[in-house]
Amino acid sequence: MKSKSSANETGPKPATISSYSSASNNNIMKPNEGRIDLQTHTQRKSPSDILSHLSKACHELGIESYDCYGDFQSDSASSYLRKFEAEVANHFGKEDAVFCISGGMAQSIALMIHAETTKMSDEKLGNKYPTFACHPTSHVTLHENDAYSELLKMEALILGSEGESENYDPESLKLKGCFGMEPVRLSQVQKLFRAYDENENMDASSGNLMFSYPNKIPLGKTHLSTIMLELPHREIGGKLTPWEEVEAISSLCRDRGVRFHCDGARIFEASVGYGLHCISTKRLSIDWLFDRHDTLQETARPFNTIYVSFYKGLGALSGAMLLGDTEFCAKARVWLRRMGGNLYTLLPYAVSSWDGFRKNCLSSVNDGDSDGGGGDWIIADDRKWRYDRQIFERRRQKLSNIMEMLKRNGNIESIVSFDPVTPQTNMVHGYLQVSLEQCMEAIDKVEKNTGIRVLNRVNSCSDESNSGNITTCRCRFELTVGEANVLIDDAHYLLGWQEFSNVIEKMKEND
Numbered sequence: 205m206k207s208k209s210s211a212n213e214t215g216p217k218p219a220t221i222s223s224y225s226s227a228s229n230n231n232i233m234k235p236n237e238g239r240i241d242l243q244t245h246t247q248r249k250s251p252s253d254i255l256s257h258l259s260k261a262c263h264e265l266g267i268e269s270y271d272c273y274g275d276f277q278s279d280s281a282s283s284y285l286r287k288f289e290a291e292v293a294n295h296f297g298k299e300d301a302v303f304c305i306s307g308g309m310a311q312s313i314a315l316m317i318h319a320e321t322t323k324m325s326d327e328k329l330g331n332k333y334p335t336f337a338c339h340p341t342s343h344v345t346l347h348e349n350d351a352y353s354e355l356l357k358m359e360a361l362i363l364g365s366e367g368e369s370e371n372y373d374p375e376s377l378k379l380k381g382c383f384g385m386e387p388v389r390l391s392q393v394q395k396l397f398r399a400y401d402e403n404e405n406m407d408a409s410s411g412n413l414m415f416s417y418p419n420k421i422p423l424g425k426t427h428l429s430t431i432m433l434e435l436p437h438r439e440i441g442g443k444l445t446p447w448e449e450v451e452a453i454s455s456l457c458r459d460r461g462v463r464f465h466c467d468g469a470r471i472f473e474a475s476v477g478y479g480l481h482c483i484s485t486k487r488l489s490i491d492w493l494f495d496r497h498d499t500l501q502e503t504a505r506p507f508n509t510i511y512v513s514f515y516k517g518l519g520a521l522s523g524a525m526l527l528g529d530t531e532f533c534a535k536a537r538v539w540l541r542r543m544g545g546n547l548y549t550l551l552p553y554a555v556s557s558w559d560g561f562r563k564n565c566l567s568s569v570n571d572g573d574s575d576g577g578g579g580d581w582i583i584a585d586d587r588k589w590r591y592d593r594q595i596f597e598r599r600r601q602k603l604s605n606i607m608e609m610l611k612r613n614g615n616i617e618s619i620v621s622f623d624p625v626t627p628q629t630n631m632v633h634g635y636l637q638v639s640l641e642q643c644m645e646a647i648d649k650v651e652k653n654t655g656i657r658v659l660n661r662v663n664s665c666s667d668e669s670n671s672g673n674i675t676t677c678r679c680r681f682e683l684t685v686g687e688a689n690v691l692i693d694d695a696h697y698l699l700g701w702q703e704f705s706n707v708i709e710k711m712k713e714n715d
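So the mapping is simple: this note's numbering equals the position in the sequence shown, first residue as 1, plus 204.
The reader is advised that the hints may include incorrect statements.
[Unchecked claim] Straight-line alpha carbon distances no greater than 20 angstroms define the calculated EDC-like cross-link-like pairs of lysine to aspartate or glutamate that follow: (1) K563 - E597; (2) K260 - E597; (3) K323 - D401.
Simulated from the structure, these hints should not be mistaken for lab results.
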């Protein structure tokens, strides 16, 4: 009989879940029982409950011994960790995978290996600065304190309009927000490659140069090792690069000897996003037709290497996987040791990651049972497993339903602008035309009147907002549908946002 590894989003659950009350630290609220929290997307469990669950997961996964320093010398028959790595690699269609303690470490390792590999392939690159290209809102440039520059001694080339300016400022982007910003597009990558061709023999005296970030190295003095593409782009509301353009970028990279790396922190959400029939955006006047991805291999195919996160959409304590070919992963294990990432044991992180992967991404049948056909089943533990997009599709569809419902209410639409207008994944960003103080006051009033916490984490926007058609954006938030808030009835979303818009309108009248 077929079984879904997890029923935590399908069985009957109460609409009221843990939510938040006011706190001053970063405008994040502390949990309180008995309130309906529309924004928090992860289940809040106590440390003791989590550890108890890990014990159960060890039994279910057949884990009876510890890993030790990454089990580098073991194989999947003798090491649960190597078995986990092989299982993930199989589902993504890659030769091998390496479990890492964090995404930041995983992506740093990938960048280092690609820089070394491309440099070794062409002796003329010996004296040039190793460089990678990415979106203006890449996690690497926004949230890692320039680790790629300070630790890896690499430079970044910023794709798109923000990168064309010598005044690219990630701190400013974090303050302004990114309403209406495009994802990485094929035309941007083509423009970068043309610039390399045109700048190859230029020096700093030329007036037609592109420069790297942060040290403003002229393009002709750099060598481009990697194009990094985030799927989906988190800082711009979960937008996706059109799939045919992803494939075209991959082809360009192969032709130029450049590695194509996927920041797949939310790749499960992206894979479902590519199942949409049509996407319309306010900023773009075209519709994008996306091919449905029924396997993770389809989403992974264009990339040389991929980083996957297990704690964001899968509920793990922490953990990431770096995937690629056998040679790449052998080098990654060396760099993992150099960076101090091969801990004495990774047991709690690896167990929670493997458990989250199976329960959120896979369906299984007994090895001897009928699987209904199809050639994408993988045998493990006397069962057949394959990718199942149902949980992430349910989350995306839930958000889409909520957005359609809210857009039909004129009062709600008058106070908030969502980007993108139609969700491409299970995430959107919202921009409010009231101050942070007014927003927090309205949130408290709505919770007092209805028991519904509309938002629990809101950030202010600078007055110089990168806000497209929004001229008075003053604060912003992210709405992601996950394992917790997917269970809330749509009527609670509508009631909470109606009350919130009413309170905001009264505030405007009194100003």
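To see whether the hints hold, each was checked on the structure:
1. K563 - E597: holds (15 angstroms)
2. K260 - E597: violated (27 angstroms)
3. K323 - D401: holds (18 angstroms)
Hint violations for this structure: number 2 only, all remaining hints satisfied.
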